[in-house]
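Asker: Each chain is listed here by its residues.
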Amino acid sequence: MGIAKIKKFSLAQFKDYLENYLFILPAVAIFSVFYIYPFYDIFRLSLHDWNGITPFREFVGLANFQEIMRDQNWWGSLWHAGYITLIALTFQNALAFALALACDRDIRMKKFYRVVFYLPPVLSEVVVGLIWQWILQAGTQNGQQIGLLNYFLNFIGLPHLVNDWLSDPKTALTCIAVVHSWKGFGWGFIILLAGLQTIDRQLYEAAKVDGAGSLSVFKNITLPLMIPVIFVVVILTILGSMQVFVLILSMVGQGLVYHTEVPVTRILASMTGTNRFGYACAQGVIFGFILVLVSFSLNKISNKLKQA
Amino acid sequence: MKINRYILASRLKSIVIHTFLILVSLTCLFPLFWMLRSSLMTNATIFVDKSLIPHEFNIHNYYLAWTEGNFAVYCLNSLIYTVSVVFGIVVVSSLAAYAFSRLKFPGKNIFFNMFLAAMMIPLPGSFVPLYVLMNKLGLVNTRIGYILCMINVGLSLSIFLLKTFFDKMPSDLEDAARIDGCSKLGIWRHVALPLARPAIAVIVIFNSLNVWNEYILATLLLNDKSLMPLQRGLMVFQGVHSVDYPLLMAGLTIAATPIILVYLSMQKHIIKGLSSGAVVG
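As you go down the protein sequences, you meet chains A and B in turn. Residue numbers for the first sequence follow numbering that gives the first Met the number 0, beginning at 0 and rising by one. Residue numbers for the second sequence follow numbering that gives the first Met the number 0, beginning at 0 and rising by one.
Keep in mind the hints are simulated off the structure, nothing from the lab. Ideal Cβ placement from N, Cα and C applies to all residues, glycine included. The reader is advised that the hints may include incorrect statements.
[Claimed, not checked] Within a straight-line C-alpha distance of at most 27 Å, the following computed DSS-like cross-link-like pairs (lysine-lysine) qualify: (1) Lys207/A <-> Lys12/B; (2) Lys218/A <-> Lys303/A; (3) Lys305/A <-> Lys167/B; (4) Lys271/B <-> Lys305/A; (5) Lys109/A <-> Lys271/B; (6) Lys224/B <-> Lys135/B; (7) Lys12/B <-> Lys218/A; (8) Lys207/A <-> Lys305/A.
[As the list claims (entries may be wrong)] Simulated coverage check for chain A against chain B, where a stretch passes if three residues somewhere in it have a Cβ under 8 Å from a Cβ of chain B: (9) 15–25; (10) 272–286.
[Stated by the list, open to error] One-sided excerpt, in silico: chain A residues whose CB lies under 7 Å from chain B: (11) Val114; (12) Ile130; (13) Ile145.
Using the sequences and the hints given, assemble the complete structure.
Answerer: Structure follows, in structure tokens:
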């Protein structure tokens, strides 16, 4: 009798579990097919030489990875992404932080600023890239500059600064980085402002009573309390900026312009340009590994700082 | 005297701060204004007339973009993709998040951590094997293929956000429904989902923006003009009309306007979701 009862109970529980699994089944199924399998496949393909079309693929071991080590264009593209990231980290985040500090008080039009600053981040990279490409456009028509920036430079009497901004290897990457920062600072602003607003106002009051100057308040109260939020912004900025590429495609086109190549455009070029799917996958693996390493070590540092 | 100086200093500070904020605001708005302005000009006037407000408005570009530029089709496609992907994400992720938060089954943590890990691990270039897979499955150049891929893109984060919401939500009402003999699926549908409306709103908004603005998968998976969404269509359009700036700017305005309108009407939710998301993540 007792045994039968246990058996019946466990059967009911089994059915219960089965029913519960049905809830996660659609998610797990989609995730397995469209995430886990490609995740596995990128590693498998990275060990092959394959043009993506023929059923035959040759196993080449680590040859793709060895080739990447010698691939000047690849490491150049990584440096370009690093440059864009550096500008985003400094210029974009400093601007975001300054704006957040400016809005972290009772000022008029605060809501307006918040709405406006987050407008560029909601636009697509294609739209942003094409608008700025039009503004930065070089060339003249009927003796007049086509692009607004060059026209403006002429207008204010600085014609020697007129430039082919997006074709000149010296300026193209910086232009892309600045437009990327233009699109991104509003996002950092919202998150940093949310962080600032969690700081207890009484701390500021107490510091004021004690006669602390605003610089000292910033250094001793605001900054230490903001470190976790700052780290979130830093990590997400790095991951986002290193992988930027749609903006580049829309600003300088899809041609092979080496001075504006970034890792993802290299991967795309290997895949759709030269039909080397195995090589593209190996590049993806290396790049993913670098990104994981960077975000992992930053997380480590952030945790250490939190404990201290 | 001293007080006066204090007031003067704070006035000055406030003026400096507002000037700074207004300048940055103008930098945000001006390119959009310039897009709109350029879209209202003609090929004859755009290179000559640099005034801020064009002397005459030319709406013909919008007509051309909408009809010959194929934007009517692109817009409809973007709408179809956005609605079906977001609907799919809400159903699939809320089912899973509900199970992860409320139901018991072996391996629960493993499955949940799997989704969590996918959120943490960046996988650039994953579009290569994804394209290979879609090719194998015969889903290249199909609506359903693109929709399924995009559901997967938004799945992990949505599950995570909804699970955190369910975890904080009291389960009294669900318990009451269970005692009344409501099935698990019934509780999910009639009790949990309506209560999770704020979290679902966040998921709907962010995934809508994401799908509407998506470019790379649309480029790799959809070659047929009749299937392309707006972002992909824009790049095709730009390739054809690269020197016809008024027409291109009209196309851009068509692509940007819906997202700007949605943003302006939902900005409270968007900023709230973003702020709370940052604290959680």
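Asker: A separate judgement is required for each hint: does it hold in the structure or not?
Answerer: Going down the list of hints, with the structure as the test:
1. This hinted pair checks out: Lys207/A and Lys12/B have alpha carbons roughly 18 Å apart, not beyond 27 Å.
2. For the given pair, Lys218/A sits about 19 Å from Lys303/A by alpha-carbon distance, which is consistent with the 27 Å threshold.
3. A distance of roughly 25 Å separates the Cα atoms of Lys305/A and Lys167/B; the hinted pair therefore holds under the 27 Å criterion.
4. Taking the CA atoms of Lys271/B and Lys305/A, the gap is near 26 Å; set against the 27 Å cutoff, the hint holds.
5. Between Lys109/A and Lys271/B the CA atoms are separated by roughly 15 Å; this keeps the pair inside 27 Å, and the hint holds.
6. In summary, the hint linking Lys224/B to Lys135/B is supported, as the alpha carbons are separated by about 22 Å, within the 27 Å threshold.
7. Restraint check for Lys12/B and Lys218/A: the C-alpha separation of about 19 Å stays at or below 27 Å, so the hint holds.
8. The straight-line distance between the Cα atoms of Lys207/A and Lys305/A is roughly 26 Å, inside the 27 Å bound, and the hint therefore holds.
9. Given as covered by chain B, the region 15–25 of chain A passes the check, having 8 residues with a CB less than 8 Å from a CB of that chain where 3 are the minimum.
10. Coverage of the region 272–286 of chain A by chain B holds. Counting CB-CB distances below 8 Å, 7 residues qualify, and the rule asks for three or more.
11. Because the closest C-beta pair between Val114/A and chain B is about 5 Å apart, less than 7 Å, the hint holds.
12. For Ile130/A, the shortest C-beta to C-beta distance to chain B is roughly 5 Å, which falls under 7 Å, so the interface hint holds.
13. At its closest, the beta carbon of Ile145/A sits 6 Å from a beta carbon of chain B; the interface hint therefore holds under the 7 Å criterion.
In summary, this structure violates none of the numbered hints.
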